[in-house]
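**Q** Here is what each chain is made of, one letter per residue.
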Amino acid sequence: MIEVQDVRKQFGEVKALGGVSFSARDGQITALLGPNGAGKTTLLRTLIGLLKRDHGSISIDGVDPEKDPLAVRRNIGFLTDQFGLYERLSTREYLEYFGELNGMGGPTLHTRIDEVAELLAMDDILERRAKGFSQGQRIKVALARTLLHRPRHLLLDEPSRGLDVMATRALRHALTALRADGCCVIMATHVMQEVTHLCDDVIVIAKGHTVAQGSPEELCRRTGIASLEDAFVSLVGTEEGIAA
Amino acid sequence: MKPKFFVVLIKELRETLRDKRTLGLLALFTFMYPLMLGFLLNKTIDRATKPERDGVKVAVIGSSKAPTLMAQLKQRNVTVVDTQPMDETAIGELLRAEKYPVVLRLSDKFTDNYAAMRPARVELWFDSADENYSQRREVEEVLEAYGANVASARLLAHGVSPATLAPIQVQRFDTGTNASRSAGFIGSILGILFLPAFICGMSTAVDITAGERERRSMEVLMAQPARAWELVTGKWLTAGVLAIAGVTLELALAHAILSWMPLEEIGMSWALTWVDLVVVCVASVPLCLFAAGLQIALAMNAKSFKEAQSVLSIAMLVPLVPGVVISMMELKTAAWMYMVPMLSNQTLLREMAKGGDIGLWPVAMTFLSSAIAAALAVGFASWRMKSERYVLSV
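Quick note, the sequences are listed as chains A and B, same order.
Read in our numbering, the first sequence has 104 at position 104, and its numbers run on one by one without any break.
Read in our numbering, the second sequence has 83 at position 83, and its numbers run on one by one without any break.
So here's chain B without its partners, still in its complex pose (with noise of 0.2 Å):
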């Protein structure tokens, strides 16, 4: 004889697997973040390696005004355009246009001022609300040097040292390692990754609780000499394996696109093997389990399916805010976060991105977390079950 939830486990699955809509969003889900994570992290590495390619384009107005700062752009691999004059709104569209990151316009009277040594005015038009930051720092590098090197030759010709125009120097030294800078980024994209174990299951226990209740076919369900905890389990581990398939499919996708990917292009590192990946995927399923059980218990005492729904989409943000608020604290990974069901999966991962050494004790504080925040909910749906005031609102 076959165990009573195991009964139920597979009635609940062959009834979810024949709805298309159901099915639809879990794969929704289950690709989407995965390749728009891809999308985003692509583009930044596009951006970022696009000015080593092919070096900056600037549109400069009355070029012939300045033919050494010209040879010095040029000597820098900022290739120099040379346009007619124009006035301010035609700059504006020019820039909007995103052909140049950063039109030079030289005065008119750049020569006579240069000539007679008052200072000769080089206007730099840049649209801010453009990110191409690192290509104008690029050009305003150039000019500050073209105007050191100048002031420092009139200094000379003065008797002066050049050395009296730099009373300090700032030399820049940067301890962060790719890892740290990137673990910074990975630690924002995680919360998203592991929002899949409340999304798959979602709709599912919604229809299995609450849905059959108000489809009335609940009543005969519990006059079956079945016990409340079997019926309960059998739907727990129903919406508990979708979780678990959505959250591994997709980060197994997430994996792959992040290995494919050149992070190092852009300082970050993605150190996961697909051991760890594994590791990480075990860790992850009480958490699948727990959202699964919280799921349960909430529809099932929601008084109608849509109540049920709106509950459920309040109770999904809820495991998102220890993430939030551990980035904007800007705390330490600290032992007690594996404590926490949810915020210990993102940080197991974060922590097993950055390619260190973790050692078992974290993954099994992960594991046992959510594992015991599953039983607590999954024994709460049951006592209620049993519940009269459970059995009059069937």
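Bound conformation, chain A alone (with noise of 0.2 Å):
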């Protein structure tokens, strides 16, 4: 469960965040719409404890991020728009690596590792290293790490983008297991396809605030909009938007 009420952040003159208020459910896919420069990677950051917030209040679990960031970062799966692969190392050692990062190890670590490879359908790139890995392979990786220390919030950034038809269906499959185990995951994304078929909640903001939430058919029944792309320009207010 995260829950955020009027938080907002701002660099210098910048307003960044200029009040954002949801919540997100435990068990519940919750799609993060906006255009690009809205303020998702800042919020996100704020989520994960990196940036302080100078309003508002964010509790994840009942935990605020501010007072106590690791143990809200051992309980988050976070994927960035980079995937921060190391070439060098193969998908098993990138793996370990934040297995132990995350405070795992020995034979617990191994098993989890193969479970999500075969989550993912990663199996043949397991022993390889990441040097000339396909944007999906990539992806796959991180979603990995992702979910390799059992978190029970992931925030996942554009996570379907570069996919080809197989691995956004693993993907999708996957995070309909999450779902199902209870987990609370928020997905920033531009691909309004994804949000009718996968997600039970819309939180659309843009200029750093929140502009609406709710499940999609309420945004298009609020606009009076049938499709939920055109519902999501008229919440936003401007064709630029998109475009941007």
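Quick caveat, the hints were computed from the structure, so don't treat them as lab data.
Certain hints may be false.
[Stated by the list, open to error] Pairs of lysine-lysine residues, derived as PhoX-like cross-links and limited to a Cα-Cα distance of at most 25 Å, are as follows:
{"id": "1", "chain 1": "B", "residue 1": "Lys-74", "chain 2": "B", "residue 2": "Lys-99"}
{"id": "2", "chain 1": "B", "residue 1": "Lys-109", "chain 2": "B", "residue 2": "Lys-74"}
{"id": "3", "chain 1": "B", "residue 1": "Lys-386", "chain 2": "A", "residue 2": "Lys-52"}
{"id": "4", "chain 1": "B", "residue 1": "Lys-109", "chain 2": "B", "residue 2": "Lys-65"}
{"id": "5", "chain 1": "B", "residue 1": "Lys-386", "chain 2": "A", "residue 2": "Lys-15"}
{"id": "6", "chain 1": "B", "residue 1": "Lys-386", "chain 2": "A", "residue 2": "Lys-67"}
{"id": "7", "chain 1": "B", "residue 1": "Lys-65", "chain 2": "B", "residue 2": "Lys-99"}
{"id": "8", "chain 1": "B", "residue 1": "Lys-65", "chain 2": "A", "residue 2": "Lys-131"}
{"id": "9", "chain 1": "B", "residue 1": "Lys-386", "chain 2": "B", "residue 2": "Lys-2"}
{"id": "10", "chain 1": "B", "residue 1": "Lys-99", "chain 2": "B", "residue 2": "Lys-43"}
{"id": "11", "chain 1": "A", "residue 1": "Lys-52", "chain 2": "B", "residue 2": "Lys-303"}
{"id": "12", "chain 1": "B", "residue 1": "Lys-332", "chain 2": "B", "residue 2": "Lys-386"}
{"id": "13", "chain 1": "B", "residue 1": "Lys-57", "chain 2": "B", "residue 2": "Lys-74"}
{"id": "14", "chain 1": "A", "residue 1": "Lys-15", "chain 2": "A", "residue 2": "Lys-67"}
{"id": "15", "chain 1": "A", "residue 1": "Lys-52", "chain 2": "A", "residue 2": "Lys-67"}
{"id": "16", "chain 1": "A", "residue 1": "Lys-15", "chain 2": "B", "residue 2": "Lys-303"}
{"id": "17", "chain 1": "A", "residue 1": "Lys-131", "chain 2": "B", "residue 2": "Lys-306"}
{"id": "18", "chain 1": "B", "residue 1": "Lys-306", "chain 2": "B", "residue 2": "Lys-20"}
{"id": "19", "chain 1": "B", "residue 1": "Lys-65", "chain 2": "B", "residue 2": "Lys-43"}
{"id": "20", "chain 1": "B", "residue 1": "Lys-99", "chain 2": "B", "residue 2": "Lys-57"}
{"id": "21", "chain 1": "A", "residue 1": "Lys-15", "chain 2": "A", "residue 2": "Lys-207"}
Build the complex: two chains, separate frames, hints provided.
**A** See the structure below:
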């Protein structure tokens, strides 16, 4: 359960977040929609305690990331728009590294790596070094790292980007399994189709403000527009939002 | 559970050791300095001992005109090679070929002038760009002695005491001992010996900070449940371990070469024992850690990989400055020198190479001065990594 109440953040003169409020429930996949530059990255960084908010409150399962960032991070899988692979490490070594950073080790870690590899269908690249991986292979490795320590919360920044059909299916399958497990998933994305298929809840942010929160159907109903894409544009308030 | 900084250290080391370019550079610098040093010293020793072995060989044009002079040259172990008359360019070429350090040419009127007691000219041709000063000096001494002998004989024949020709007598006393003479030379090479502390970890320090940031994996790493100081410490120790390995290997190699060479031939001494060497190596561990800490702190703050590289190349020169200034100002070893990182290591090794017992205090000071500086650098880097400005830049 992630609860955000009127979070604001300013960098000098630039207002990155002007008041974001939402709650993302356990056992749901929550989409985070917003045009580029809406403040999604700042929001995600604030959620894991890399940035300090100027105002408002954040609670992740009752823990404030500002007070105890390590406890929050232990319970969060964070997939940024950069995968953070190391070219000279094999996938298994890469996963071992992040597993150990999360306090795992020994046989437990090994079994877990095999489990995650099976879940994401990536046995073929487990012993290979990351140099020369395709985009799809890279995101699989990064996703495996995100899921490795069984976090109860997942913050995913465009996880399906660059994936082929099979990999997208595998990802969707994994996310559904996590939802069934009772995880709280927040997924920033630009693919509306994915939102309608997968997400239970949608948060729309624009220019650092939450504009709306609700299920995809609710958003369509509220705006009186049938397609989610058009509803989104209408909520954001400008056509430029998507073009930018 | 392994400590987080240890996890980072092992991973960074593993990654670095897989990079052939970094390893190659490491090996190059580790072996290059001692071998270069050995080669230079070997050449010096070779040159210094050569004349004693072979004696001096001199080409003489018109040797038949002065048989007594030739006889005296031969007595002083100077080999006279009789040569056909030749012009200036031919003599120049002969000297440039370095077959003879000196060419003597007796003028055509030598015999007439000599018999008439007018100054008889002997031309001494040499190449001052050539480094055989001692051999040239030997020939000159024979010529001077010969001239003085003849002058004395002539004066005696006129009833004048030859002592009138020498109103003063110069006698030279050299108080420099082998040890103090060598200290100067060794001091000048010591600055280079500790430089690998700053070189061996450099490319890795850049790669795991600015490089990791540029490859955009730093944010992922910072989002893990590890404290900033744990990440920084892991990275710092990675560069530190490489620097320590490089410096220790390099010092051991340099020590082996210096002890094996006949340094006494050129009036130098290398009185270090293997135990002393261990002391020096242990005392330079903090220097390596300081170098690594400084490089991590600087490279982390650089805006890009390239900027980090150029900043570190400049930073590498800074520790050399105190050593150069000291040798330029010819300052005597003082206690404060042990408080400046790098300079302290150079001073320590120099004093130990002289062979004296220097006690524990300088070693402790050398150790502590760098250790404190290292702790400051790492503290700064950790504080920096926690700051929002850094988070925004990754």
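**Q** Which numbered hints turn out to be false for this structure?
**A** 8, 12, 19
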